[in-house]
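**Q** One-letter residues, chain by chain:
There are 2 protein chains.
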Amino acid sequence: YAPTRCAAAQTSTEQGVLPPCHHHEAVHDPQLVPCTCPLFSCPWEGHLEVVVSHLRQTHRINILQGAEIVFLATDMHLPAPTDWIIMHSCLGHQFLLVLRKQEKYEGHPQFFATMMLIGTPTQADNFTYRLELNRNQRRLKWEATPRSVLECVDSVISDGDCLVLNTSLAQLFSDNGSLAIGIAITTSKVHNAEDEM
Amino acid sequence: YAPTRCAAAQTSTEQGVLPPCHHHEAVHDPQLVPCTCPLFSCPWEGHLEVVVSHLRQTHRINILQGAEIVFLATDMHLPAPTDWIIMHSCLGHQFLLVLRKQEKYEGHPQFFATMMLIGTPTQADNFTYRLELNRNQRRLKWEATPRSVLECVDSVISDGDCLVLNTSLAQLFSDNGSLAIGIAITTSKVHNAEDEM
Numbered sequence: 001y002a003p004t005r006c007a008a009a010q011t012s013t014e015q016g017v018l019p020p021c022h023h024h025e026a027v028h029d030p031q032l033v034p035c036t037c038p039l040f041s042c043p044w045e046g047h048l049e050v051v052v053s054h055l056r057q058t059h060r061i062n063i064l065q066g067a068e069i070v071f072l073a074t075d076m077h078l079p080a081p082t083d084w085i086i087m088h089s090c091l092g093h094q095f096l097l098v099l100r101k102q103e104k105y106e107g108h109p110q111f112f113a114t115m116m117l118i119g120t121p122t123q124a125d126n127f128t129y130r131l132e133l134n135r136n137q138r139r140l141k142w143e144a145t146p147r148s149v150l151e152c153v154d155s156v157i158s159d160g161d162c163l164v165l166n167t168s169l170a171q172l173f174s175d176n177g178s179l180a181i182g183i184a185i186t187t188s189k190v191h192n193a194e195d196e197m
Numbered sequence: 001y002a003p004t005r006c007a008a009a010q011t012s013t014e015q016g017v018l019p020p021c022h023h024h025e026a027v028h029d030p031q032l033v034p035c036t037c038p039l040f041s042c043p044w045e046g047h048l049e050v051v052v053s054h055l056r057q058t059h060r061i062n063i064l065q066g067a068e069i070v071f072l073a074t075d076m077h078l079p080a081p082t083d084w085i086i087m088h089s090c091l092g093h094q095f096l097l098v099l100r101k102q103e104k105y106e107g108h109p110q111f112f113a114t115m116m117l118i119g120t121p122t123q124a125d126n127f128t129y130r131l132e133l134n135r136n137q138r139r140l141k142w143e144a145t146p147r148s149v150l151e152c153v154d155s156v157i158s159d160g161d162c163l164v165l166n167t168s169l170a171q172l173f174s175d176n177g178s179l180a181i182g183i184a185i186t187t188s189k190v191h192n193a194e195d196e197m
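These protein sequence lines are chains Z and H, in that order.
Under the UniProt record's numbering, the first sequence has 69 at position 69, and the numbering climbs by one with no breaks.
Under the UniProt record's numbering, the second sequence has 14 at position 14, and the numbering climbs by one with no breaks.
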């Protein structure tokens with residue numbers, strides 16, 4: 001596994017247009033999605049509708065069901081780069097949680113967590129995801145709109161537009177080397193978030 | 001302003017024992033507290049009861065009142081190291097919010113935010129503080145037990161045991177260079193936080 005780079009992948013990802021970051025160089029059928037599992041350099045590509053079964057069957061990614069779930073990421077001590085992946089089935093859609101340990105600054109691994117909808121960016125805008133850590137009298141919550149798997153998880157993480165944890169905080173939230181991440185998905189309402197503060 | 005260092009300051013801070021990190025080298029009356037304002041190398045020291053009036057009068061630190069307040073930190077573009085400080089009067093106590101911009105990794109400034117009780121560590125254990133950022137369809141909440149001003153804010157920040165923001169996330173949460181931080185203090189109940197997840 002080697003991290004891919006895709007600084008220019010933020011545009012033209014609506015309606016299945018392929019970002020230039022996923023293991024492929026050739027021009028593609030815009031209806032096809034490359035394998036979205038960041039763990040593997042996988043040559044597979046297919047339509048959005050069959051991404052879930054590919055991830056499940058080929059990469060053995062588990063699916064957790066329910067409005068609120070807890071994902072237990074084990075062996076947090078593993079050296080960077082390492083990814084933890086789970087699918088979350090909820091509200092009639094499947095979401096992909098990616099937790100990545102990466103050394104953005106050499107010698108200082110950090111943890112980055114984000115959720116992607118296995119669907120289009122337009123569909124993704126209808127949802128809000130929440131990641132929650134809760135341990136040792138500390139609680140950290142991150143809420144945001146999920147990105148689409150048609151966008152690039154690498155750019156989300158390199159931008160830092162996700163839940164970011166340094167190693168010492170990850171240890172405070174871990175139990176025996178495992179990090180329990182509470183995950184909740186809701187449908188987003190049209191409102192001005194600032195009004196709630 | 002030059003950041004002070006106090007890696008060994010985490011012990012013996014109960015009941016007014018002075019940590020070795022605050023601008024002073026001599027042995028102290030354990031009832032005296034040095035100036036807790038991290039903005040200034042201030043030679044002042046005094047009892048806990050007069051810290052608030054010292055911060056207010058000498059350092060012009062404002063006090064905001066109320067269970068839930070919003071602190072607007074302006075000019076987030078200022079170069080590191082920079083501190084933003086406010087006092088928060090709530091539940092019969094005064095708390096100190098410290099927001100610090102610091103380059104832990106050279107060339108990569110980060111923002112660190114924590115709350116300290118102007119009181120003893122035992123008193124601090126009775127409270128929970130929450131810092132909340134809310135903008136651009138993103139929300140970040142950090143909840144923890146406040147530290148006592150008898151402990152060292154520098155060690156809290158160097159440990160990363162606080163709200164940590166990279167620059168890009170700080171920009172997403174900022175409006176016109178200002179960061180609105182929602183602050184709430186509650187009395188903590190004796191409970192197992194993990195049970196709530």
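To be clear, the hints were calculated from the coordinates, so they are not data collected in a lab.
There may be inaccurate statements among the hints.
Which copy? The list can't say, so a pair holds if one copy fits it or any two copies do.
Here are the simulated SDA-like pairs of lysine to any residue, each with C-alpha atoms no more than 20 Å apart in a straight line [to be verified]:
1) K141 x G160
2) K104 x L72
3) K141 x A180
4) K104 x V50
**Q** None of the hints should be skipped; say for each whether it holds.
**A** Going down the list of hints, with the structure as the test:
no. : hint        : in the structure
1   : K141 x G160 : both (15 Å within a copy, 16 Å between copies)
2   : K104 x L72  : neither (24 Å within a copy, 30 Å between copies)
3   : K141 x A180 : both (13 Å within a copy, 17 Å between copies)
4   : K104 x V50  : neither (33 Å within a copy, 44 Å between copies)
In this structure, the hints that do not hold are numbers 2 and 4, in rising order.
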